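Kindly generate the complete structure, drawing on both the sequences and the hints.
So the sequence lines, in the order shown, correspond to chains A and B.
Residues 1 to 369 in the numbering used here are what the first sequence lists, from first letter to last.
Residues 1 to 341 in the numbering used here are what the second sequence lists, from first letter to last.
Possibly wrong hints are sitting among the right ones.
[Stated by the list, open to error] Listed below are the simulated PhoX-like cross-link pairs for lysine-lysine, each with C-alpha atoms no more than 20 Å apart in a straight line: (1) A:Lys72 - B:Lys214; (2) B:Lys225 - B:Lys143; (3) A:Lys261 - A:Lys288; (4) B:Lys143 - B:Lys180; (5) B:Lys79 - B:Lys55; (6) B:Lys225 - A:Lys232; (7) B:Lys214 - B:Lys81; (8) B:Lys81 - B:Lys55; (9) B:Lys81 - A:Lys232; (10) A:Lys124 - A:Lys232; (11) B:Lys209 - A:Lys72; (12) B:Lys315 - B:Lys209.
[To be verified] Pulled from the structure, derived: some chain A residues nowhere near chain B, Cβ distances all over 12 Å: (13) Phe29; (14) Phe62; (15) Lys85; (16) Ala330.
[Unchecked claim] Partial list, derived from the structure: chain A residues whose beta carbon lies under 8 Å from chain B: (17) Gly312; (18) Asp326; (19) Thr331.
In short, the hints are calculated from the structure, not lab data.
Because the structure is a prediction, the values reported are computed rather than measured.
We put the CB at the ideal spot given by N, CA and C, even for glycine.
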Amino acid sequence: MSATWQPKPARPAPTHVVGVWGWMRQNLFATPGDVLLTIIAALALYYTIDVVFHWAIIDASFSGTDRTACLKEVQGACWPFIEAKFGQFIYGRYPEAERWRVDLVYLIGFVGLVPLLVPQIGWKRANVIFMLGPFPIFAFLMLTGGAFGLVAVETTDWGGLLVTLVVAITGIVASLPLGILLALGRRSEMSIVRSLCIGFIEIFRGVPLITVLFMASVMLPLFLPDGVNFDKLMRCLIGVALFSSAYMAEVIRGGLQAIPKGQYEAAAALGLGYWRVTGLVVLPQALKMTIPGIVNTFIGLFKDTTLVLIVGLFDLLGIVQFHFTDASWATPETHITGYVFAAFVFWVFCFAMSRYSIFMENRLSTDRD
Amino acid sequence: MKKLAEIFAASAALTLLTLLPVRAAEDTLQVVQQRGYVKCGVSQGLPGFSNPDDKGNWNGIDVDLCRAVAAAVFGTDEKVKFTPLSAKERFTALQSGEVDLLARNTTWSMHRDTALGVDFTGVNYYDGQGFMVRAELGITSTKELDGASLCTNLGTTTELNAADYFRTHNMQYEMVAFEKADEAVSAYNTGRCDAYTTDQSALYAQRLKLTDPKAHVVLPQIISKEPLGPVVRQGDNQWGDIVRWSHNAMLNAEELGVTSSNVETMKSSTNPSIKRLLGLDGSFGANMGISNDWAYHIIRTVGNYAETFERNVGKDTPLGIARGVNALWKDGGLQYAPPIR
Chain A
1 MSATWQPKPA RPAPTHVVGV WGWMRQNLFA TPGDVLLTII AALALYYTID
51 VVFHWAIIDA SFSGTDRTAC LKEVQGACWP FIEAKFGQFI YGRYPEAERW
101 RVDLVYLIGF VGLVPLLVPQ IGWKRANVIF MLGPFPIFAF LMLTGGAFGL
151 VAVETTDWGG LLVTLVVAIT GIVASLPLGI LLALGRRSEM SIVRSLCIGF
201 IEIFRGVPLI TVLFMASVML PLFLPDGVNF DKLMRCLIGV ALFSSAYMAE
251 VIRGGLQAIP KGQYEAAAAL GLGYWRVTGL VVLPQALKMT IPGIVNTFIG
301 LFKDTTLVLI VGLFDLLGIV QFHFTDASWA TPETHITGYV FAAFVFWVFC
351 FAMSRYSIFM ENRLSTDRD
Chain B
1 MKKLAEIFAA SAALTLLTLL PVRAAEDTLQ VVQQRGYVKC GVSQGLPGFS
51 NPDDKGNWNG IDVDLCRAVA AAVFGTDEKV KFTPLSAKER FTALQSGEVD
101 LLARNTTWSM HRDTALGVDF TGVNYYDGQG FMVRAELGIT STKELDGASL
151 CTNLGTTTEL NAADYFRTHN MQYEMVAFEK ADEAVSAYNT GRCDAYTTDQ
201 SALYAQRLKL TDPKAHVVLP QIISKEPLGP VVRQGDNQWG DIVRWSHNAM
251 LNAEELGVTS SNVETMKSST NPSIKRLLGL DGSFGANMGI SNDWAYHIIR
301 TVGNYAETFE RNVGKDTPLG IARGVNALWK DGGLQYAPPI R
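Here is the structure:
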């Protein structure tokens with residue numbers, strides 16, 4: 001009977017590399033330099049968190065109906081201000097009785113968007129068609145009203161997060177296809193198309209967004225016949241869409257240029273025409289490569305929507321600032337609280353976009369490393 | 001087929017009609033009556049003058065004036081829409097007919113009255129540049145500010161007014177100017193300067209943002225004249241009259257003791273001045289092209305001048321501004337309305 005060789009059971013790792021203490025030794029206190037950095041970082045963290053915690057929770061006020069709630073000796077955040085104005089911050093001066101229409105648009109938009117973002121769910125084509133076709137029309141009718149027995153709500157009454165989202169989403173949705181066309185046009189061999197695209201991109205990219213918005217709201221009416229009055233929000237939407245498509249075009253052009261010439265030639269050798277080469281071979285690769293750049297532009301655009309304030313539209317930040325002027329809420333902490341709230345809302349949206357783009361990059365990655 | 005063509009023609013004509021230029025300058029009253037509401041230009045938020053409440057409704061002295069005009073024209077103060085305007089676009093908006101009147105804490109100056117194609121129709125708030133100091137300094141008059149450092153906003157007339165004032169009174173000062181009002185206020189709050197100077201009504205509003213508002217006083221003196229009033233387009237005197245007398249009606253009502261709560265009983269008053277005010281005597285409304293009980297509706301819905309003052313900026317509001325120069329003439333102030341007769 002031959003004895004089979006039996007390896008000894010593996011011994012546990014040495015105690016100084018396992019457990020919490022082991023992890024700390026390896027990552028935080030490995031060298032004297034590390035120890036020093038760890039201590040400094042811990043102190044910095046402690047003081048920041050301490051200050052924020054005191055301000056946001058311990059010294060903060062949580063209930064009240066006017067400024068007297070936020071006038072303690074040591075006063076932190078004035079949350080009742082946000083609470084009292086919350087409806088204003090989300091809907092602006094959209095009539096309270098009609099706010100369900102905004103909610104419904106949000107809901108349907110959400111229900112349509114989520115299956116689009118989750119790769120496992122099918123029906124993508126139908127979903128895209130729904131989101132780009134019927135949904136915008138539905139949202140437009142629902143929000144503006146004036147038909148089907150809905151009360152008309154003028155866009156001057158819109159405000160807060162509603163305006164921010166409308167401007168940002170319109171800009172994002174319009175800028176991608178426009179940007180792709182402009183980028184292709186810029187690399188086109190047809191000289192008129194090329195110069196038109198270069199002219200458009202360079203003009204819009206060379207001008208600050210504020211100027212574009214001012215032009216849209218002040219100059220545009222001068223070119224229109226007397227009495228024809230474009231909606232202010234509509235003018236802003238067009239301005240923002242054109243502006244961001246110029247940026248988008250340059251981002252996508254970067255991706256187009258990174259595609260090796262061999263790809264074009266191989267595709268052409270298979271007998272594909274220009275549009276099929278572009279649509280089947282070049283664009284899928286170029287777009288995948290430029291996802292970080294595209295999302296960067298989206299996030300930049302989302303934050304740039306705050307600039308619509310200067311043409312008299314109250315976006316989220318604008319309406320928060322607007323409500324600082326309500327004397328019944330004027331305290332030393334009111335505007336700090338308001339700005340923190342606005343910053344937090346913007347951060348949530350931008351962070352979500354950023355995380356989704358990382359997810360998408362990983363999923364589409366075909367690198368073989 | 002013929003019918004279809006007719007419909008097309010009619011709808012085309014209708015479209016053209018709606019596209020035709022709106023000539024707002026000529027007869028504002030008629031335009032307003034046809035439209036069904038008054039378009040009023042207000043500030044983008046100034047505490048006590050035009051600011052939003054928790055529901056997003058507009059409040060303030062300027063807002064109340066707009067409501068008064070709506071009440072005079074339509075008999076209800078609800079038929080008014082507010083357009084927030086920046087300081088830069090306010091006169092353009094008025095001239096282009098985007099708004100019917102401007103009640104936007106606008107200073108009445110000769111240049112604006114004569115050169116911009118607009119008319120001021122009165123003064124609904126007498127403002128002026130003032131100073132705020134720490135109460136512990138014990139200063140009671142601007143004359144005692146010799147050697148003080150002043151926080152103020154960069155490049156405004158405030159800066160120039162202060163320079164003029166200190167030079168004419170032969171006093172030393174140090175100017176610390178900031179780009180934004182918020183920066184100037186927080187600099188003053190942290191003790192960077194001895195005094196903060198801007199328009200007096202704004203001083204009261206900014207004081208609420210200080211760590212301890214009670215530790216600061218607004219000095220009673222003012223060093224510049226800033227009469228704030230409603231503005232209309234030049235050349236439409238009838239509309240100008242309506243705006244002017246809407247304000248005057250509120251002043252007369254205060255003088256005669258007519259308030260929103262007693263206006264119904266006042267209707268049976270035998271005082272001829274009250275009878276004329278409430279439209280029971282004479283045809284003062286008809287002369288302006290509106291109904292004779294125009295002032296009755298103003299008082300019923302908005303109240304008299306004292307009511308709107310106390311409701312928006314007065315002693316019991318957070319702003320806590322005393323009537324001061326805005327008291328009636330018989331109480332030693334400047335608010336004086338010509339009689340209705």
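Outcome of the hint check:
With a C-alpha separation of about 13 Å, the suggested pair Lys72 (chain A) and Lys214 (chain B) falls inside the 20 Å cut-off, and the hint holds. Taking the CA atoms of Lys225 (chain B) and Lys143 (chain B), the gap is near 17 Å; set against the 20 Å cutoff, the hint holds. A distance of roughly 17 Å separates the Cα atoms of Lys261 (chain A) and Lys288 (chain A); the hinted pair therefore holds under the 20 Å criterion. In summary, the hint linking Lys143 (chain B) to Lys180 (chain B) is not supported, as the alpha carbons are separated by about 27 Å, beyond the 20 Å threshold.
With a C-alpha separation of about 18 Å, the suggested pair Lys79 (chain B) and Lys55 (chain B) falls inside the 20 Å cut-off, and the hint holds. Annotation: proposed proximity of Lys225 (chain B) to Lys232 (chain A) is violated, straight-line Cα distance about 36 Å (limit 20 Å). Using a Cα cut-off of 20 Å, the hinted pair Lys214 (chain B) and Lys81 (chain B) is violated, with the two alpha carbons roughly 37 Å apart. Only pairs whose Cα atoms come within 20 Å are accepted, and Lys81 (chain B) paired with Lys55 (chain B) is accepted, the gap being roughly 15 Å.
Only pairs whose Cα atoms come within 20 Å are accepted, and Lys81 (chain B) paired with Lys232 (chain A) is accepted, the gap being roughly 16 Å. For the given pair, Lys124 (chain A) sits about 34 Å from Lys232 (chain A) by alpha-carbon distance, which is inconsistent with the 20 Å threshold. Simply put, Lys209 (chain B) and Lys72 (chain A) have alpha-carbon atoms about 13 Å apart, close enough for the 20 Å limit, and the pair holds. Restraint check for Lys315 (chain B) and Lys209 (chain B): satisfied, since their Cα atoms lie roughly 18 Å apart, inside the 20 Å limit.
Separation of Phe29 (chain A) from chain B is adequate, the least Cβ-Cβ distance of about 41 Å exceeding the 12 Å criterion. Annotated as non-interface, Phe62 (chain A) keeps its C-beta farther than 12 Å from every C-beta of chain B; the closest such distance is 17 Å. Residue-level check failed: Lys85 (chain A) sits 6 Å from the nearest beta carbon of chain B, not beyond 12 Å. The claim that Ala330 (chain A) is not at the interface with chain B is violated, since a C-beta of that chain comes within 12 Å of its own (minimum 4 Å).
Hint status for Gly312 (chain A) relative to chain B: holds, with the closest Cβ pair at about 6 Å, below 8 Å. Hint on Asp326 (chain A) holds. Least Cβ distance to chain B is approximately 5 Å, under the 8 Å limit. Interface hint at Thr331 (chain A): satisfied, since its Cβ lies 7 Å from the closest Cβ of chain B, which is below the 8 Å cut-off.
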